[in-house]
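Asker: Using the hints provided, position chain X relative to the given structure of chain Y.
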Amino acid sequence: MNARFFAAQRITAFVLAFAVVIHLTTIIYAVRGGLTAADILARTHGNTGLALFYGVFVIAVAIHAPIGLRNVLREWSAWHGRTLDTSLAFLALLLLVLGLRAVTAVFGS
Amino acid sequence: MTEALNVEIWRGDEKGQFQSFAIPTRPHQTVLDVVTEVQREHDATLSYRFACRVGMCGSCAMVVNGRPRWTCRTRVNAVIGGGNHLRLEPLRNFTIVKDLAVEMTQFFDKWKEAHGYFEPGPHEKSDFAVVSPQSRERQAADAGIECIGCGVCYSACDVVGWNKDYLGPAALNRAWTLMNDVRDFDQAARLDAVSGGDGCQACHTHMSCTTFCPKAIAPTYSIAGLKRAAVVGVLRGAR
Numbered sequence: 001m002n003a004r005f006f007a008a009q010r011i012t013a014f015v016l017a018f019a020v021v022i023h024l025t026t027i028i029y030a031v032r033g034g035l036t037a038a039d040i041l042a043r044t045h046g047n048t049g050l051a052l053f054y055g056v057f058v059i060a061v062a063i064h065a066p067i068g069l070r071n072v073l074r075e076w077s078a079w080h081g082r083t084l085d086t087s088l089a090f091l092a093l094l095l096l097v098l099g100l101r102a103v104t105a106v107f108g109s
Numbered sequence: 110m111t112e113a114l115n116v117e118i119w120r121g122d123e124k125g126q127f128q129s130f131a132i133p134t135r136p137h138q139t140v141l142d143v144v145t146e147v148q149r150e151h152d153a154t155l156s157y158r159f160a161c162r163v164g165m166c167g168s169c170a171m172v173v174n175g176r177p178r179w180t181c182r183t184r185v186n187a188v189i190g191g192g193n194h195l196r197l198e199p200l201r202n203f204t205i206v207k208d209l210a211v212e213m214t215q216f217f218d219k220w221k222e223a224h225g226y227f228e229p230g231p232h233e234k235s236d237f238a239v240v241s242p243q244s245r246e247r248q249a250a251d252a253g254i255e256c257i258g259c260g261v262c263y264s265a266c267d268v269v270g271w272n273k274d275y276l277g278p279a280a281l282n283r284a285w286t287l288m289n290d291v292r293d294f295d296q297a298a299r300l301d302a303v304s305g306g307d308g309c310q311a312c313h314t315h316m317s318c319t320t321f322c323p324k325a326i327a328p329t330y331s332i333a334g335l336k337r338a339a340v341v342g343v344l345r346g347a348r
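Keeping their order, the protein sequence lines are chains Y and X. Numbering-wise (my numbering), the first sequence opens with residue 1 and increments by one. Numbering-wise (my numbering), the second sequence opens with residue 110 and increments by one.
In isolation and in its complexed conformation, chain Y is listed as follows (with noise of 0.2 angstroms):
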């Protein structure tokens, strides 16, 4: 793993640590008092705030998951190379947009 590699998964490692905890902490909450889907849609629609929280989350992920799945492929596998950094390049994308796309129906006015 190079510098750069290791700094943006050591980077978003310490953003997600944040992040998962505020975002586990808030759906066990949101849901205690028995609200549907619709409920927490009809909050959540317009929220600037959490769409920026949720939007940095997906950012995020995109960086770190691909990273240490490469970490994991080159370490135990034959896998390396251009095939691999493409084919991970896509994944971050998938992610990225699929997250981006979830952001967008879950906060967007």
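Hints listed in this document are in silico derivations from the structure and should not be mistaken for laboratory results. Glycine is no exception: its CB is placed at the ideal position from the N, C-alpha and C atoms. Hints are supplied without guarantee of correctness; some may be wrong.
Output of the computed footprint for chain Y on chain X, the stretches with three or more beta carbons under 8 angstroms from beta carbons of chain Y [to be verified]: (1) 170-177; (2) 303-315.
Some residues of chain Y that are not near chain X, with every Cβ distance over 12 angstroms (derived) [what the hints assert, rightly or not]: (3) Asn2; (4) Ala7; (5) Ile28; (6) Ile40; (7) Val58; (8) Ser87; (9) Val106; (10) Ser109.
Answerer: Positioned in the frame of chain Y, the structure of chain X alone reads:
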């Protein structure tokens, strides 16, 4: 004299096998004493390395009862656990030359790859450099400077076991001591050398090197220092 030691020693190369010897137990006997007695009294063809016998040269390391150790400073009583069985193998992660002697070339080549040598710069200095013993850099260098190049950490390292190109704890520890040498002129190139795909970031912090180092050095912490330096380099746009 009490019960004889049952000593199993690896013979041959990678395709070798263990050979057993019965060696008398003696007070304060070291593992190296046992190997020397086998060679002198039982089988003169046994190959192994040693030089100083006092823990300075780093040439007598072997795997003793499953753990890498310096054999000249390891007493038999400390490793047989009340029994009488001693099993001696060549260091792991090295190519076996014969019996207990391993090929160290790749190990020391990696010191060079990691820029584990002092770079004095282009100009001769007119005076001695003054380095305070209390300075952070000097203390960080001191913590790793006593490495004797025995290969115990390299033998213990899981990452070396699955990636033969990984620079390894000893080379990275040496690079870290030089990163903290304020007189050195090659820091950027050294940071590049230790930050490749097989450099410091490949370390999984299993800490086997730190556990087994006979000099009580902590290469894991040296490698962590290199990782920090590399991240700082990225953030500053230097890399």
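Asker: Okay, which hints does this one fail, numbers in order?
Answerer: Of the numbered hints given earlier, those the structure breaks are 1, 3, 4, listed in rising order.
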